[in-house]
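> Here's the letter readout for the chains.
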Amino acid sequence: MLSVIGVSSISELFADIPEAVRAKAPLDLPEGMAEATLLQHMIALGAKNQSADDLVCFAGGGAYDHLIPTALKTIVSRSEFYTAYTPYQAEISQGVLQTIFEFQTLLCQLTGLDVANASVYEGASALAEGAIMACSHTGRSRVLISATCHPEYRHVVRTYLSHQGIAVEEIPAQDGALSLEALQDMIGDDVAGVLVQHPNFYGHLESVHRVSEVVHQHGALFVVSVDPISLGVLEPPGAYGADIAVGEGQSLGNTLSYGGPYLGFLVAKESLVRRIPGRIVGQTVDAQGRRGFTLTLQAREQHIRRQRATSNICTNQALNALCATAYLVLVGKEGLREAAYLSLQKAHYLERELRGRAGVRRLADRPFFKEFAVQTGEDPHELDKRLLSAGFFAGPHFAHVGLQPEDGLIVCATEARTKDEIDRFVDVIGVHADG
Amino acid sequence: MLSVIGVSSISELFADIPEAVRAKAPLDLPEGMAEATLLQHMIALGAKNQSADDLVCFAGGGAYDHLIPTALKTIVSRSEFYTAYTPYQAEISQGVLQTIFEFQTLLCQLTGLDVANASVYEGASALAEGAIMACSHTGRSRVLISATCHPEYRHVVRTYLSHQGIAVEEIPAQDGALSLEALQDMIGDDVAGVLVQHPNFYGHLESVHRVSEVVHQHGALFVVSVDPISLGVLEPPGAYGADIAVGEGQSLGNTLSYGGPYLGFLVAKESLVRRIPGRIVGQTVDAQGRRGFTLTLQAREQHIRRQRATSNICTNQALNALCATAYLVLVGKEGLREAAYLSLQKAHYLERELRGRAGVRRLADRPFFKEFAVQTGEDPHELDKRLLSAGFFAGPHFAHVGLQPEDGLIVCATEARTKDEIDRFVDVIGVHADG
Amino acid sequence: MAETVPVIFEEGSPQRRGYRFPKCDVPEIPLEEAIPTEHIRKEPAPLPEVSELQAVRHFVRLSRLNYAVDVGFYPLGSCTMKYNPKVNEEAASMPGFSRLHPYQPFETVQGALELMYHLERFLCEIAGLHRATLQPAAGAHGELVGLMLMRAYHDQKGEGSTRRKVLIPDAAHGTNPASAAMCGYQVVEIPTDRRGGMDLEALRKAVGPDTAGLMLTNPNTLGLFDEQIHQLAELVHDAGGLLYYDGANANAILGISRPGDMGFDIVHFNLHKTFSTPHGGGGPGAGPVAVSKELAQFLPVPVVDKTESGYTLNYNLPNTIGRVRSFYGNFGMLVRAYAYIRTHGPDGLRRVSEHAVLHANYLMRKLQPYFDLPFDRHCKHEFVLSGRRQKRNGVRTLDMAKRLLDYGIHSPTVYFPLIVDEAIMIEPTETEPIEALDEFVEAMIAIAQEAQEEPERVKGAPHHTVVGRLDETRAARQPVLRWRSPDCV
Amino acid sequence: MAETVPVIFEEGSPQRRGYRFPKCDVPEIPLEEAIPTEHIRKEPAPLPEVSELQAVRHFVRLSRLNYAVDVGFYPLGSCTMKYNPKVNEEAASMPGFSRLHPYQPFETVQGALELMYHLERFLCEIAGLHRATLQPAAGAHGELVGLMLMRAYHDQKGEGSTRRKVLIPDAAHGTNPASAAMCGYQVVEIPTDRRGGMDLEALRKAVGPDTAGLMLTNPNTLGLFDEQIHQLAELVHDAGGLLYYDGANANAILGISRPGDMGFDIVHFNLHKTFSTPHGGGGPGAGPVAVSKELAQFLPVPVVDKTESGYTLNYNLPNTIGRVRSFYGNFGMLVRAYAYIRTHGPDGLRRVSEHAVLHANYLMRKLQPYFDLPFDRHCKHEFVLSGRRQKRNGVRTLDMAKRLLDYGIHSPTVYFPLIVDEAIMIEPTETEPIEALDEFVEAMIAIAQEAQEEPERVKGAPHHTVVGRLDETRAARQPVLRWRSPDCV
Ligand SMILES: Cc1ncc(COP(=O)(O)O)c(C=O)c1O
Ligand SMILES: Cc1ncc(COP(=O)(O)O)c(C=O)c1O
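Residue numbers (numbering that gives the first Met the number 0), protein chains in the order written: chain A, 0 to 434; chain B, 0 to 434; chain C, 0 to 488; chain D, 0 to 488.
It is worth saying that the hints were derived from the structure and are not from the lab.
Hints should not be assumed to be uniformly reliable.
As the list claims (entries may be wrong) - Listed next, with one range per pair, are the computed distances between beta-carbon atoms:
1. C/Gly393 to B/Glu11: 37 to 43 Å
2. C/Arg387 to B/Gly5: 22 to 28 Å
3. B/Leu1 to C/Glu233: 58 to 64 Å
4. A/Ala19 to B/Ala389: 53 to 59 Å
What the hints assert, rightly or not - Here are some of the chain D residues that sit facing chain C, going by a computed Cβ distance under 7 Å:
5. Asp405
6. Gly407
7. Ile408
The beta carbon of each residue, even a glycine, is placed where N, CA and C say it ideally should be.
Chain A with its partners taken away, still in its complex shape (with noise of 0.2 Å):
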């Protein structure tokens, strides 16, 4: 090749960069490894943790154990979607733009909404992104956040908006849910959104209903952050009158995998469209009238329309939203229902059994689905320990999250609980350390 480029060593192809800007030494980084020494060196590191393999996974807050479908392995690895790039080359792609397709298709019969993208980064950024979305499409720059949302999230609004000029406030929070006479007296004209997730951080349901009313009474839009699974028994945001719905969409199918990769998603109502950020995949035809997917109404992102763009987003979590398709065609109509029944049941027999136990109270009685706060009265490290040492985790813990009480914490069952695993964990939780 050397010869063909005219130089005599592959230095002289570095030979425009500056003496000073070049590096000196080697990186100082660990040698190199053959395969089966970094495998060995993998299992090591990993054998340091303990993962929901090896204790019972009681966590939620946003990240749930799930059932997954051994069959979607087989789905997902499959090298044509796994190493390809963007669909840009549609003749080429069909095989990743028709899933994406019918990734939009399902998450609008899931939402009841009209019109979905290919997936933002996760769920926290996809509220946001629909707050900006709200705030573009009213031309109005407060935004109302209720409290009850999970405080990463508000975070990562509030990180998002502020950059952006856009006042965010929180509604307090009322007995684990939005006070509705708080949103009615900060609500106004000037609201572009109200941002509400349902169930909310403390598992609970919120007043969607009352909540869409009171916003479109404003001429606002309602922002719903919802749990996909939950989806199988609740009501879709469509029918309560949401105009965007967003959510983390890792309980469709995707691994805990420390927090990510996940995949945000966003719903919205079709006069939206424009306003959606990141890629969406359209149907058309080629010249012989076949039926073909593309990359379409790109002139919403940032590659067209640059500083002008709904977003910046380029990449974003394709595989992972190929996963959340694969587990809704694999359980169904049917199964996505039982997969939130089930998990229902888990969490409120959970529930039940641990009424009148010492060691925990509930935050607050309210309607849930799959998860609920508790009070354990004990220090979160103790508790921990007490648990871990029995098999279990649960969380997150009020004190990891910035959350009072400091010993609040957060309890789900989903429907890969046994009875017997819920049985023995409330054994252990249920109790007082010192009883």
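Given chain A's structure and the hints, the job is docking chains B, C and D with the ligands onto it.
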């Protein structure tokens, strides 16, 4: 569908099964399980085993813990390879057909012989098939097999051949290798073939060059069973005049899997091609002259020739052969040499470290490749217990495979063993139980 | 996008490699010190030299030239190309199963032995028999074992040298006579009667003191249940022979009829057919053999036993036929079949057969107007059409099979069984949705029509595959069975 | 064999399912008891109803319509479509990594935190900077974080409200200005000079007390190393601004030149480009951001710290910009990148860049005779041709891109950077064998020739793909963004 068929229930379709032979009751089997429950069950069952991940494997005897490149899984798990049937329809089976053609070529390259089949069941039946070929080719019905062959292989050869009226006689061993004198005494012009394993069951090299001379002086065929990894450093059978090389292909990228599925391979001189059992793929062209591959020389096979076929084999071990193909392609020319070289070095280091240790002594002081036989002076069960509690196993014990002495044991070290593992193993096995 | 792929030996260049081994961490000795020079390889094997990317890309591209159950409908009669549930793969690949060495101490493989023990019990229950060996690697291997057991039985009775004949229907699969021959038996072919069953009269004539046994599939290779099974069994048993059941067609009878109850003494199952283990492009399979109480003593060693101190491998069967393979069977396939049976349970297994039979009858009736149907009865899990009618236009079954590939569907089994002229043997399996069945019907009808209207189009098929119809004659006459470097040719 | 596949909603039928959940093993309560009726879904979501076979077959068939690195050469400039080593997948899928809940107690995730801690160190070393956040989910996300850090820095200095402008080259990727806008900045475009570097004079004019910073890729999007980097940095720094390094092109400089040494204060890496994590058809990625010591105080929370009692997540950064996502990053991608760095080591990484650059220059020189090369200098890991010459025959770059698909090769990036007319941006990466490069060269030359001799053939391309060139205008004008049941339309 029932109406198309013109019946009113599925059971009508079974009406022709006489009452007397119809099942009276449901099968007495455990009730069906949902996927997640099954997985829990399988995990629990698997946890009753301690695998070569949990224990360090120093066992050999025909199944070896060699390294497997990770990329192999990506290749082999392609649905199109995994869930295809035998490539009867060549035009939509070029993937499988070409990989078999490549497998055949790789085996020829490894062994220095001319023509290979697409695999047989495993190493022992491959040896039996080789012996049958020798008989049909020579028209003779007496076969000599070295007593240094794997005892299970000898047993299989006896079982197969006795049903065909072929006499199988064992050439006795001397000091852990075939006795050339005995061979010379036993051989005659009625001998169809001589079967030798090289390296033999005890890990030792055999005098294959001399055997080859003797065998051919009598117009018999020399059938050698080889460890394919050993061919990274050892002379190929073609170079010392073997007529047929067979062997167990597990080492080439196949998991240990408690003894199967593995693959037998069989490679022969050109002149024997029409005696070869099982499937063979050949290259040909279509009407436009494009190269393509197809099953060929089928007149040898059962579905054409029925009772006059070269063998009854139909389904073989195609996917395992694909593993072997992918393995050889991935490690390549230099890699195979390294696998052999490293195995040899590790095994010889182990042997050196064991020298003069109280616990074990070698059965014979002969050149060996990656395993060797020792006498432990200890009850096999007791020894196993000691090894296990230190996290090791070795084997087979001679007792397990019906050999003498009772305290004989095969120990093996492949390139997958580290110095640290070997040192620790030596410290356990190298001392007397009571020392 | 699917194009032919160079043979791997045409790719790569010196020094390239797809895998790097760890460096040697023990003190090295010169090779010559360990190995006498005459034994040292002079030239390395000329294996490919490609990178991991090249290796992966090579095989991925090749795979894309291949059809498979995961790609489409696979109505290959007699092969039971059902869907292979992915959970079985997950189970088999658990290190607790896939990383067991066959010579580990028994106490470290109790889970594996327990699984084998129970699988044997399950298969015996399904077969209606007493004990089983899990060792055979495929159906034909099972046949060989079964016939050896038959011979051992007669040997024990002192009749081994007189009972030299095995009776086999003319419609039988080729492995049946081939296995009989490998076991040293003479094959006597029994014709099929007009209802598609065994010709009872012919059997009566054939059976006698030289009869070792009868090999039968039921439903047979025409997909028909032989209703006279009891009479057949009686005839053979009365003559002192045994009945062997080729279980390739067991997908029709799970929980519905047990071979043992039909009178069979020896049964093999193809786990890679009935019990959904994937076919892997030609294998691996597994062909466990179940037998009656009387025959259990002859089973190959070892068998899995349950003892006080746990599960163990028992080598102590004095009357064993011996060994037919190393180790204990295609264990990985046993894990998958076990998982399959546990998933389905008794009801699920029965449903498997019911739907397999339903689907076959549906297809048969849909296609009956367009093709000759030699035996017009309810079929079981498969049925056989004849291409006779199309042959009149010069279109042979092979042509139609190839044409079907253009429709994106794998062809049925053709020219088997041999007793049906231009046979087309169709087995849809229970796992196919009706959409796939209907698509197949449409394609077959279209082809029947083409055979009439554009016979040349069918005869020149396939037209849309990566290569056209291959010259099989040339492949056999001028065999090229390995790649050779152009320098060497 | 590759044919279009029905949309999944066009398959299936009522009651079918591809997965069975375990039965409920706890006492059940009526739904209405748990959930107020107004919250209960009235109609189930009309999701597909297909079997596992149908689901698998659907996606397998779809996958066969798709190109990928594992299928062929992917010279997509700016995207670094290198091979993704399979061992990284193996590592990431170990339960010890893939089955960790983000809220597990720290003592149960020490391995994960250790990995993150070291990966941060490695990336800082490669960047020549001090600390890093691993949280951003992609390059653009990293840019946003980086710009927020920039703003926090100026805010702290009390200049936040005056420094409102971010300078960005006209050749920059679209995410750069979009990220600046999302961070509330005004974008000032700086032109490119005739050597393909930043126009120093223009920069001098643009820079000032309102400058927050400069965003740059180096090598830039023309694949050229900006030799004036020191002067550029000085100019910006002297004016009180910061330098942001868009690491999308870091594949050219590993171990060769460190952004920190070039004068950059903030750097993002695209782990899905430079560090080989697979692209998954559009993501996930990961865009860690490394910063100078001075900026570390502003990093998003949490950061991974090493303490006496082990690794921990530190939320206590008083000056943090806040949070930009939930949890801690695209951890699975971090595992893969970590494995990649450990596999390669310092020498291996340097070799990566050397060969990436070698390959690009080889292609550039091979293609130079046939296409316009706007900047004729040694390129780095990629280079940009112009289709100007072919445009004269009415053949546009888009046409040639589509025609390349007929040759079985993915097209380069086209029409980017915007400053090159009919741009063709080619990045071969270091993992491609020379055979692939040569095949690409041949195809490109053939197309250049076709453009001259049979322009219509090129303009009508692609001809051999499963669908022809798609009507993008129609897609945008009459958007169909979801499937609808025919009954509803
Ligand atoms: C009826 C019948 N018998 C026996 C066999 C042989 O089984 P195997 O291929 O597993 O050896 C087959 C396989 O196709 C068959 O269809
Ligand atoms: C130069 C450049 N900058 C930024 C980006 C954005 O990175 P990402 O897609 O990871 O968000 C890209 C991606 O293509 C790029 O090429």
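> Given the range 37 to 43 Å, decide if the beta-carbon distance of C/Gly393 to B/Glu11 lies inside it.
This hint holds: roughly 39 Å between Cβ atoms.
> Between A/Ala19 and B/Ala389, does the beta-carbon spacing fit 53 to 59 Å?
Once the Cβ atoms are compared, 58 Å apart, the range 53 to 59 Å for B/Ala389 and A/Ala19 holds.
> A closest beta-carbon separation below 7 Å is what the hint needs, so does D/Gly407 meet it against chain C?
holds, 6 Å
> Using 7 Å as the Cβ threshold, decide whether D/Ile408 counts as touching chain C.
Status violated, d = 10 Å.
> Please check whether D/Asp405 passes as an interface residue: C-beta within 7 Å of a C-beta belonging to chain C.
violated, 9 Å
> Taking the beta carbons of C/Arg387 and B/Gly5, is their distance inside 22 to 28 Å?
Holds, since C/Arg387 and B/Gly5 (Cβ atoms, about 24 Å apart) stay within the stated range.
> Is the gap between the beta carbons of B/Leu1 and C/Glu233 within 58 to 64 Å?
About 35 Å separates the Cβ atoms of B/Leu1 and C/Glu233, which means 58 to 64 Å is violated.
Checked against the numbered hints above, the structure breaks hints 3, 5 and 7 and satisfies the rest.
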